[in-house]
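There are 4 protein chains.
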Amino acid sequence: MPIDLSYGPEVEDLVARTREFVRTEVLPVEDRFGGDITAAGGDDLRRELNAKAKAAGVFAPHAPVEFGGHGLDMSDRAPVFEAAGYSTFGPVALHIGAPDEGNVHMLAHIASDEQKQKYLAPLATGEVRSAFAMTEPSPGAGSDPSALRTAATKVDGGWKINGEKRFITGADGAGFYIIMARTAGEPGDRGGATMFLAPADTAGISVDRHIVTTDRSMIGGHCEVSFTDVFVPDEDILGEVDEGYRYAQVRLGPARMTHVMRWLGAATRAHDVAVDYVSQREGFGGRLGDLGMIQQMVADNVIDLSATRALLVRACYELDHGNHASTETSVAKTYAAEAYSRIVDRSIQMCGGLGVSDDLPLARLQRELRPFRIYDGPSEVHRWAIARREIGRATKARRAQGGDGNAR
Amino acid sequence: MPIDLSYGPEVEDLVARTREFVRTEVLPVEDRFGGDITAAGGDDLRRELNAKAKAAGVFAPHAPVEFGGHGLDMSDRAPVFEAAGYSTFGPVALHIGAPDEGNVHMLAHIASDEQKQKYLAPLATGEVRSAFAMTEPSPGAGSDPSALRTAATKVDGGWKINGEKRFITGADGAGFYIIMARTAGEPGDRGGATMFLAPADTAGISVDRHIVTTDRSMIGGHCEVSFTDVFVPDEDILGEVDEGYRYAQVRLGPARMTHVMRWLGAATRAHDVAVDYVSQREGFGGRLGDLGMIQQMVADNVIDLSATRALLVRACYELDHGNHASTETSVAKTYAAEAYSRIVDRSIQMCGGLGVSDDLPLARLQRELRPFRIYDGPSEVHRWAIARREIGRATKARRAQGGDGNAR
Amino acid sequence: MPIDLSYGPEVEDLVARTREFVRTEVLPVEDRFGGDITAAGGDDLRRELNAKAKAAGVFAPHAPVEFGGHGLDMSDRAPVFEAAGYSTFGPVALHIGAPDEGNVHMLAHIASDEQKQKYLAPLATGEVRSAFAMTEPSPGAGSDPSALRTAATKVDGGWKINGEKRFITGADGAGFYIIMARTAGEPGDRGGATMFLAPADTAGISVDRHIVTTDRSMIGGHCEVSFTDVFVPDEDILGEVDEGYRYAQVRLGPARMTHVMRWLGAATRAHDVAVDYVSQREGFGGRLGDLGMIQQMVADNVIDLSATRALLVRACYELDHGNHASTETSVAKTYAAEAYSRIVDRSIQMCGGLGVSDDLPLARLQRELRPFRIYDGPSEVHRWAIARREIGRATKARRAQGGDGNAR
Amino acid sequence: MPIDLSYGPEVEDLVARTREFVRTEVLPVEDRFGGDITAAGGDDLRRELNAKAKAAGVFAPHAPVEFGGHGLDMSDRAPVFEAAGYSTFGPVALHIGAPDEGNVHMLAHIASDEQKQKYLAPLATGEVRSAFAMTEPSPGAGSDPSALRTAATKVDGGWKINGEKRFITGADGAGFYIIMARTAGEPGDRGGATMFLAPADTAGISVDRHIVTTDRSMIGGHCEVSFTDVFVPDEDILGEVDEGYRYAQVRLGPARMTHVMRWLGAATRAHDVAVDYVSQREGFGGRLGDLGMIQQMVADNVIDLSATRALLVRACYELDHGNHASTETSVAKTYAAEAYSRIVDRSIQMCGGLGVSDDLPLARLQRELRPFRIYDGPSEVHRWAIARREIGRATKARRAQGGDGNAR
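Chains as they are written, first to last, in full-length UniProt numbering: chain C, 1 to 408; chain A, 1 to 408; chain W, 1 to 408; chain L, 1 to 408.
One or more of the hints may lead you astray.
It does not matter which identical chain is used: a pair holds within one copy or between any two.
Each computed DMTMM-like pair below joins lysine to aspartate or glutamate, with the alpha-carbon atoms no more than 20 Å apart [to be verified]: (1) Lys-54 x Glu-25; (2) Lys-396 x Glu-282; (3) Lys-118 x Asp-189; (4) Lys-54 x Asp-234; (5) Lys-396 x Asp-272; (6) Lys-396 x Asp-290; (7) Lys-118 x Asp-208; (8) Lys-154 x Asp-73; (9) Lys-396 x Glu-20; (10) Lys-118 x Glu-186; (11) Lys-52 x Asp-13; (12) Lys-154 x Asp-144; (13) Lys-118 x Glu-66.
Simulated from the structure, these hints should not be mistaken for lab results.
Source: prediction; values computed, not measured.
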């Protein structure tokens, strides 16, 4: 039973075809994305690319086979998503962008058969997009989910939801929402959250504003959404009442990792652009790539990319084996997000004045990659969680050895 | 003769009035700048603000008194320029932005009386803007000035200039150019460059393209400019023939430092926005500003701002005392440019999702500040120059001690 | 009233003579120090060097003139102490090491005339050494002084002190102690501390153990000291009862800065050794000093040394002008301590295998310099203090503007 | 064929037994090592521990089964060596320290049957130790092997070797040497090196001096060794004449990784000591481990340890599959060596004054771990090699696409 880091031939093949698809179909239309804050190119272009991805056999590598996908586990998703992410719009083309990808993942695990037909089927095939409404304006649920304030009240045959959400990715144009609302307890309690499914045209759901952020590759933007007396029938509760946080955990670990995968492609592209540049540009009596300080930046990029990939492999392995993997996913996410900022920053520096110009894609990639140190939990929150577990482990170990609690 | 770090009362007063002017007149119109790549608000707005600055007695703190300025030396410019830079458009308002400020500085030192009347007078008063045409497309003059390719050929009564320049800040709309061209030697030689003065409407000068970069506060943009048989009469040679690099050095040290001053204001603003945010926003059961990881970022910003100011004081002191100060200005510029990137990045991180949004000015400030690690000599070139001098110093010291060149 | 960063001719002269003294008298006997954990060469060698320093006119630059010193203020101490610190034993030779230097400073400010004759006079001349007994074993007074547990009880004609101290630098062989003990309140209160002067041979004072640390240049070591019914007469109270913390603050700011000065010399030496090495050693087809990655380390050392010096100048200026300068000294101390670790680490790396060997002084310097990030307040505590003040300032500013406490 | 990161049960068992062995047999005698520079406790203690390791069934996990070892491949060595490295003397106890471990590895791959009986058999069982004599004093073979100056001249029946080596780990007390000497070409050529086997008592071999370095866990020290007319018979040539560099590469990749494995244990121990400390020590009104800046250090340690392990798994997998894995081993080595310095430094910082004292093992671990950024190729050399390959790859890719060599 030796360590095995190889991928099966069908995965290798899918990776190769994804790379080719991105190169030939997505990169050439990148400039049709991004100008429009609201829609990353818009759903028309998305549907056009989705059709091409289907034709190329690279669509929805993550979705269950019965819903038209390739049914890849987390480990196998990694190289495919990375290949897609080489263009920041590759994920939209393959329909593996946030939040749809994570929502497919969660629905496949938790939804009832009826819910799967009603919500998962059209989502998996790209007929509709979706949104995951958890984050709230301060002082509501953000990095600290126990602060949840959006409330669902039991009414006859269902629930009435009231509250405000923000940074709801993909909300503008989404076909349906997964809404996290409090069904028990008070803001400050960790318990008592429930997930509700609701078509976007349900009365009382309103997309109020786009928050204009530096990244532009998320179709549907990052929106402020309000829920006013939104009625959700009992049969559209996702999973069990009051178990929302538990399900969110199911979603969060994998969703963190697919972010890492996609943006790993983008970081690799930034690196490639820079290495290509310094491998031919002359200066100071020779090729830039022969200068020690440039070589240091190239090598540091390679180290960062390698470490990210290695940490990703470990985290995906743990998730695929049914482990919660909180530390492994926090470590991989935190390392990756910071590495990506470093990589793109070094890549810009290597390219000098062109690096900060629109003549190269690097400045744009920096705008896309910077937020990842904040989205899906800021680095500080992940570090806090990692440290808390580590210190808890030490405390438990000392007690097990009969430690008396007095440090020497 | 004790160390004295205080400013005279008239400087303290000018700083206070500059702060007030920026707060009341510039910050409120910041959103009228920047949308337009080509002109940072345009010359109409510039003239409007220049008039207000004159009325407030804060216009042109650097310009010679006989041309309507305050005649401040480098040491005294530092706190005034920093106050102006608190808005990235404050320098335009006070007419102390690049490259005009550095051109005023150089013309005041080198120009003949006739040239001062013809070029410096309208520049100092803000009647016109100017451009400094040195950088060329690869493989021409960039961080390595000896690669200069733009050539001036002697003709009857003057010179004919041919060549291409790029990253010429402020070119679009400039009233005149200072053009660096080779008058002797070949690309690769350090000698033989000459500076020429030419009105922008001289036949053969063409602004071909704006290079769209992440920063938007430089009025007139960063342009590609070509010179085709541009005739410059002998009397518009700035200084002596073949002495262009020596003059460029006169300009470069101070110009580096005024960049540091202006962007120090911008970095301070980013820090202020973040500290204000964390001092009131709640999360994780308390104020963000009470969390250790946030406090670390606040403190690191303070350290970076303090070190930048301290290095700037040293470099300006040396320049004011007639020293070349190559190492002091390289050290201050390199430290500052990297510190500003760190400061604005930490400030973003402290503000979470809002930090990467247009709801706060931080993402915009990041775009403005990032290029400074490249402009005016990339950090790598400054480090190379610093190290070369330091190693040369050691070699000379060892020889003076009769060292035989064998390390122990 | 322009910025002035120059030193007076008598200070320049003292710096030059101190450099020469260290080069000719201290560096040659460095290997006679340090082998012995307890005494950094021992008091015999110290007295021998002190006599030579007096002969050379470089002894006690900080001590009041009436007690045989040069009476330099903080600004002027900086370059002299740095010159002395070029050998880690230079401070012992000039009698400006911790804690004696800080104790001279404090006694000169606070002691009564009788106390000056009894304690300051022999200390200033190097007849005796001294110790400052504040830090206690956990959970007593350390970085958090309010935890003070050593207690002084009023008895007839004086006080009885009981308690335990640790990390008491110079205790072994000291002639007298300044003891911080609680005279009011409970551990956890910040108030109620008093400073007592006591000859080392007072009954009940016991040096129990040397804490063996990586640094060896502090004569008398870092000791655990216990006080058992130590009687101190009322006339040996230093300053006023219950005002000990206020006096400690008087001592702490300057003492921090003199640490920075001394170790700046040591860091400069590490840098010099490395630059000398790479300026002659060959490898990879040329001189090591011509390789970009080596140049980067050289330049980063120069930047770190420059920034430290610049921050030190600022902090000393504030102290000399009677300001508390808590932020300035915390910033300078924190930056310096971290910079020194970086500098010596880079210097080692530049020298390869020799860098970690005893063939060069670098590995020893690393052991000397590492603790400074912990001594005199760990970097984390200084950052906390810096941030707290900065956030407090923002809060106050917002309230002054009528801010309602709601962040946008 | 899914990704598999699990170990077989026999490996898991060996890891568990190694941990227990280190805890019960090695850690308690750690203070008997290290005081003596020359021998890390000496061969008597080594033999005593080797016997205990054999009794515990944990001896020589790497050695071929036919020579009494466990025959583990690189992937399976990783967790076992890490467990051994938890004490810096665990590797000596298990006989897996440098250079013996690498020499066993190389002899098992290259030696003739006779050589295996004569050299490998006594080495594998711990009867003797060995040395690998490649590095030379400047300007000879170091990080740049082509500079090899030690020369072997053909004589009747064998070769005569003359030259000087330094940093020869384990030389004092070694039973035999593997000597790298030039058999063709001149210093500066990469070719023409040959490996020779020679008993330590061969005439002309002299251990001249111990280089005293900060690390003390290498039994036999780091020595300067000279070879004067050392005769080696033809049958003691290891492999083929002139193929020495190729074999050195066979040794170097795995030897790098086993260094990473062993010191990973040491870094983990440093982290454990610090986490244990902050999980109980009080300060600033609570447990140190509840402070954000402490948590950040704990989390960063976890991230660094995780990334090192993940990179190690990747590099070992490649080596086990017969790949040269130059980039993978350089990346893992460089990351690990720098991570270990960071980890032990943070661990010291977390423990305050105790961290730099001998009351905790951290200061000692820092001395052991620092040199790894230099040994086995300084980080700068690895970065250079990584970058050169990466830039070469880009150049080749561009040519394959018909790129004309002009960057845009």
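Now the hints, each set against the structure:
no.	hint	result
1	Lys-54 x Glu-25	within (12 Å within a copy, 56 Å between copies)
2	Lys-396 x Glu-282	between (59 Å within a copy, 17 Å between copies)
3	Lys-118 x Asp-189	neither (32 Å within a copy, 64 Å between copies)
4	Lys-54 x Asp-234	neither (35 Å within a copy, 66 Å between copies)
5	Lys-396 x Asp-272	between (46 Å within a copy, 13 Å between copies)
6	Lys-396 x Asp-290	between (52 Å within a copy, 16 Å between copies)
7	Lys-118 x Asp-208	neither (26 Å within a copy, 56 Å between copies)
8	Lys-154 x Asp-73	neither (37 Å within a copy, 61 Å between copies)
9	Lys-396 x Glu-20	between (51 Å within a copy, 19 Å between copies)
10	Lys-118 x Glu-186	neither (32 Å within a copy, 67 Å between copies)
11	Lys-52 x Asp-13	within (17 Å within a copy, 52 Å between copies)
12	Lys-154 x Asp-144	neither (25 Å within a copy, 52 Å between copies)
13	Lys-118 x Glu-66	within (14 Å within a copy, 65 Å between copies)
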